[in-house]
Amino acid sequence: MIEVKNLCKDFGKTKVLKNINYTINKGEKIVVVGPSGSGKSTFLRCLNLLEEPTSGEVWFEGIKINDEKCKIDKHRQKMGMVFQQFNLFPNMTVLQNITYAPIKLKLKTKEEAKESAMVLLQRIGLEDKAEAYPNNLSGGQKQRIAIVRALIMNPDVMLFDEPTSALDPEMVGEVLDVMIELAEQGMTMVVVTHEMGFARSVGTKVLFMDEGKILEQAPPNEFFDFPKHERAKAFLSKVLK
Amino acid sequence: MFDNLSGRFIDQFVTGDGLDLMMKGLVITIEISAIALIIGIAIGMLMALLKIAKGKTKAGKIFCTIGNVIAKIYISFFRGTPVVVQLLLAYFGIFGPLGVNPLYVGFCVLGCNSGAYVAEIIRGGIQSIDKGQYEAGRSLGLPYRATMFRIIIPQAIKNILPALGNELIALIKETSVVGFISVFDMTRAARSIISTHYDALVPYLVLAGAYLLIVLVATFLVGRLERGLSKSDRG
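If you read the protein sequences in the order shown, they are chains F and G.
Residue numbering for the first sequence follows the working numbering, starting at 12 and increasing by one per position.
Residue numbering for the second sequence follows the working numbering, starting at 21 and increasing by one per position.
The shape of chain F in the complex, shown without the other chains (with noise of 0.2 Å):
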């Protein structure tokens, strides 16, 4: 589904990402984790070109992406991003932060699109927040807002970047709750993450990042129990306590 080669992303002089090759299947829930500066948000924001990389490729369903000829606004709406600080239009309420790109791009009708939204909203148990404007929410209800927002362009795939990072503790269970509830319906997902119990019951392959680099990757149970790299093992011995 998603397949990157040779991919090397530069800051200035720093290397932030130093060829990296990945195919992400149909289904899989990969989870990216690693210590900060390691690159993995980077790889993400790549995966649907919010940074464009220095070299090397990225295709999604066939179609090669960083491309100059390449559209990839309609790519976009396929792959659902989820960022760390949540990012609602704050101009907007949130029944027009979630039908706003799908009617102004044509895929619903006001109607359908406000539908939709209701259902997605009663889903996350925030459907008398429909009129509500952002600032009025917690970090919790926002981003799964924000999620909700992602999912009503039926998206192919769904990217998280640190989506709980930026949450009080106890708000981030009912973040991750629909995150696993996304992934039992079966939608493909890279989750960069520090929630060590979500990618050990969640992913299907979790990867280690480190110096812009993927230095292991290996299903949860695997990476956990016998983490094979000298770097995987010190980190997760620092975060596993």
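Worth double-checking, as some hints may not be accurate.
Under the rule of at most 25 Å between Cα atoms (straight-line distance), these lysine to any residue pairs were calculated in the SDA-like manner [as the list claims (entries may be wrong)]:
| id | chain 1 | residue 1 | chain 2 | residue 2 |
| --- | --- | --- | --- | --- |
| 1 | F | 85 | G | 128 |
| 2 | G | 76 | F | 56 |
| 3 | F | 121 | G | 170 |
| 4 | F | 117 | G | 154 |
| 5 | F | 24 | G | 85 |
| 6 | F | 29 | F | 48 |
| 7 | F | 244 | F | 33 |
| 8 | F | 75 | F | 116 |
Note that these hints are calculated values from the structure, not bench results.
Model the placement of chain G on the given structure of chain F, informed by the hints.
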């Protein structure tokens, strides 16, 4: 000098034609302010977008660099020279000899001048919006234009409204120079009253009061607009 002020006022404005003249001038002043503001915001938006545009493809990069340079030159010129000089240059130097109505020249010069200031205000406003907003819009598959005009700019406008209000007030007062190209605005009306009644104090006092009144009304309207736009903060 200060004796019988009320008598002089009645003489000039009630029994004389002072009030008529001032009202005529007032209409022109408001007209110029309003039209110049609209032109200023339109040009300011355009220049701000030109100034922040960054291309991705090769052709786009060249195109955007040209845009950046145009915006820079435009802003330097209109901020760097006095508006009176711009007005005299435009009317007596270029458009007057072509037979253009000086009122239109007034609209355009004040609008263009204001546009240079508004451009910097809008650019600052756009750049004050968190980059995540732009990324969220684009990640949904929204094109650049929709992201800018429906997501970034509405938030930017809310933030820059106080600064735009300031610009509007400056603009209203700046319209007083259009008399230089024989447009009959309020200031010009006051001077015409002075020349018939040989009294400078009363007409200028009335003139100052009239400007103050317009500015207060404008301040009030901007304040209401601000409160209206901040509804998303309260819910």
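For this structure, which hints from the list above don't hold up?
-> Structure breaks hint 1 only.
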